Amino acid sequence: MTKLQRISSFLMGIVMLGASVLLMVDRNDAYTIIIFFLSLGLFVLGAKHLFYYITMARFMTGGKISLYKGLVLLDLSFLTGSISDIPRIYLLIYLAVIHGFSGLVEVLRALEARRYGAKSWRLKLFQGSLDAFMALSCIVFFRRPATAVIIYSLGLIYSAVLRIISALRRGTFVYIQ
Amino acid sequence: MQGNGENEIRIRRLKNNIDISGQAIMLFGAWGVIKALLMLYFDPTMNDMIRSGTEDYNEFERRIFFVLFTSVIVVILVLIFLFYYMIGKGAVRYARGEKKSARFIVPAAVLLVFEVATLPGFFTDKVANTLDASVWSLLVELGTCFMLFDMIYSYYAIKRISKKM
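Residue numbers (our numbering), protein chains in the order written: chain A, 1 to 177; chain B, 1 to 165.
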């Protein structure tokens, strides 16, 4: 990891910790705040694409795709921000599915790392399958929102802590020698 | 198409335009379908409209109406997506030289006419209260018009240049 990646990973871990504590303590406002941050993040991503198009990709062959991606992301962010009265359990499942998907990606990456002979694949596999399992149990407890919230928060806390640890740990993985 | 003369370079650029526009059309089609679903089921004004339309019926009839309504909507949305996908895939395959015929051009023109015809709808009062009236939706529509125009223009420019060569 580069220095910037470490910092952003650390900050992301802190944000995730805060979000999970918020979800457990204050159930009413937490969803509003999470939706707000989700739409803010999408907005920043879309604006980044548009900025890249205006400053640079305008002059490149095939750079227009960045303009189109930016437009779609901005639209998505505004739609996310303006949806307010979804039943909360749907929102939780949406978040859990995103979490589970990232866990699945992590599992695939761990299996790939094993093929290349890296040492840390076991931890990654464990972490990824735990994330996926957490998302699955959130969906299983669909009828009991309170239980699902607690499961989701615990999963979030776990992955936030792991993220912070891996940001602080000295990297031993050498990709190019 | 291997040369590096002025005309060959221009043709390559125009073909890349068509390729990118094709990919973007597929992206926008998928996004439009997802957005329509989100708006139908999570937008309060839409929910109220559906509810007030079925006030005179009992619970069972309402449920049947809901299922029918949903299935019709899903079929329509899938058809719309397939239309976008056909245009996009045809354009990409044409631009990459996998297919000689350019059958995507007619549906693209139809879609362009349709999009331009629906643009004034953004400025009426009737839709000003729904989600779709946001400025960014208008920008997405304008983007769609622009990429369709770009696609058609590039196609005819390629034809013209090839005729000159």
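These are calculated hints, taken from the structure and not from any lab test.
Since the model is a prediction, treat every value here as computed from it, not as a measurement.
Each residue gets a CB set at the ideal place from its N, CA and C atoms; glycine is no exception.
Honestly, I wouldn't trust all of these hints.
Now the stretches of chain A that chain B is said to cover, found in silico as 3 or more residues with beta-carbon under 8 Å [what the hints assert, rightly or not]:
#1 2–8
#2 157–167
DEER-style ranges, computed between Cβ atoms [stated by the list, open to error]:
#3 Gly41(A) with Lys164(B): 46 to 54 Å
#4 Val135(B) with Ser102(A): 27 to 35 Å
#5 Val15(A) with Phe114(B): 40 to 48 Å
#6 Val97(A) with Arg62(B): 23 to 31 Å
#7 Leu108(A) with Gly121(B): 23 to 31 Å
Think about it this way: if two alpha-carbon atoms lie no more than 25 Å apart in a straight line, the pair counts; the simulated SDA-like pairs of lysine to any residue are [unchecked claim]:
#8 Lys15(B) with Thr118(B)
#9 Lys99(B) with Ala117(B)
#10 Lys15(B) with Lys3(A)
#11 Lys48(A) with Lys163(B)
#12 Lys3(A) with His49(A)
#13 Lys69(A) with Lys163(B)
#14 Lys164(B) with Arg58(A)
Hints, one by one, checked against the model:
Here the segment 2–8 of chain A counts 0 residues with a CB under 8 Å from a CB of chain B, which misses the bar of 3, and the coverage is violated. Counting residues of the segment 157–167 of chain A whose CB lies closer than 8 Å to any CB of chain B gives 0, which falls below the minimum of 3, so the coverage claim is violated. Checked against the given bound of 46 to 54 Å, the beta carbons of Gly41(A) and Lys164(B), roughly 49 Å apart, stay inside it. Against the hinted window of 27 to 35 Å, the Cβ-Cβ separation of Val135(B) and Ser102(A) comes to about 32 Å, which satisfies the hint.
The given range of 40 to 48 Å is respected by Val15(A) and Phe114(B), whose C-beta atoms sit roughly 43 Å from each other. Separated by about 29 Å at the C-beta atoms, Val97(A) and Arg62(B) satisfy the suggested range of 23 to 31 Å. Against the hinted window of 23 to 31 Å, the Cβ-Cβ separation of Leu108(A) and Gly121(B) comes to about 44 Å, which falls outside the hint. For the proposed pair Lys15(B) and Thr118(B), the alpha carbon gap of about 28 Å is over 25 Å, so the pair is violated.
Between the alpha carbons of Lys99(B) and Ala117(B) the distance comes to roughly 31 Å, so the proposed pair goes past 25 Å and is violated. A distance of roughly 41 Å separates the Cα atoms of Lys15(B) and Lys3(A); the hinted pair therefore is violated under the 25 Å criterion. Between Lys48(A) and Lys163(B) the alpha-carbon distance is near 41 Å, which puts this suggested pair outside the 25 Å criterion. A C-alpha spacing of about 23 Å is found between Lys3(A) and His49(A), which places the hinted pair at or below 25 Å, so the restraint holds.
Using a Cα cut-off of 25 Å, the hinted pair Lys69(A) and Lys163(B) is violated, with the two alpha carbons roughly 34 Å apart. Only pairs whose Cα atoms come within 25 Å are accepted, and Lys164(B) paired with Arg58(A) is rejected, the gap being roughly 28 Å.
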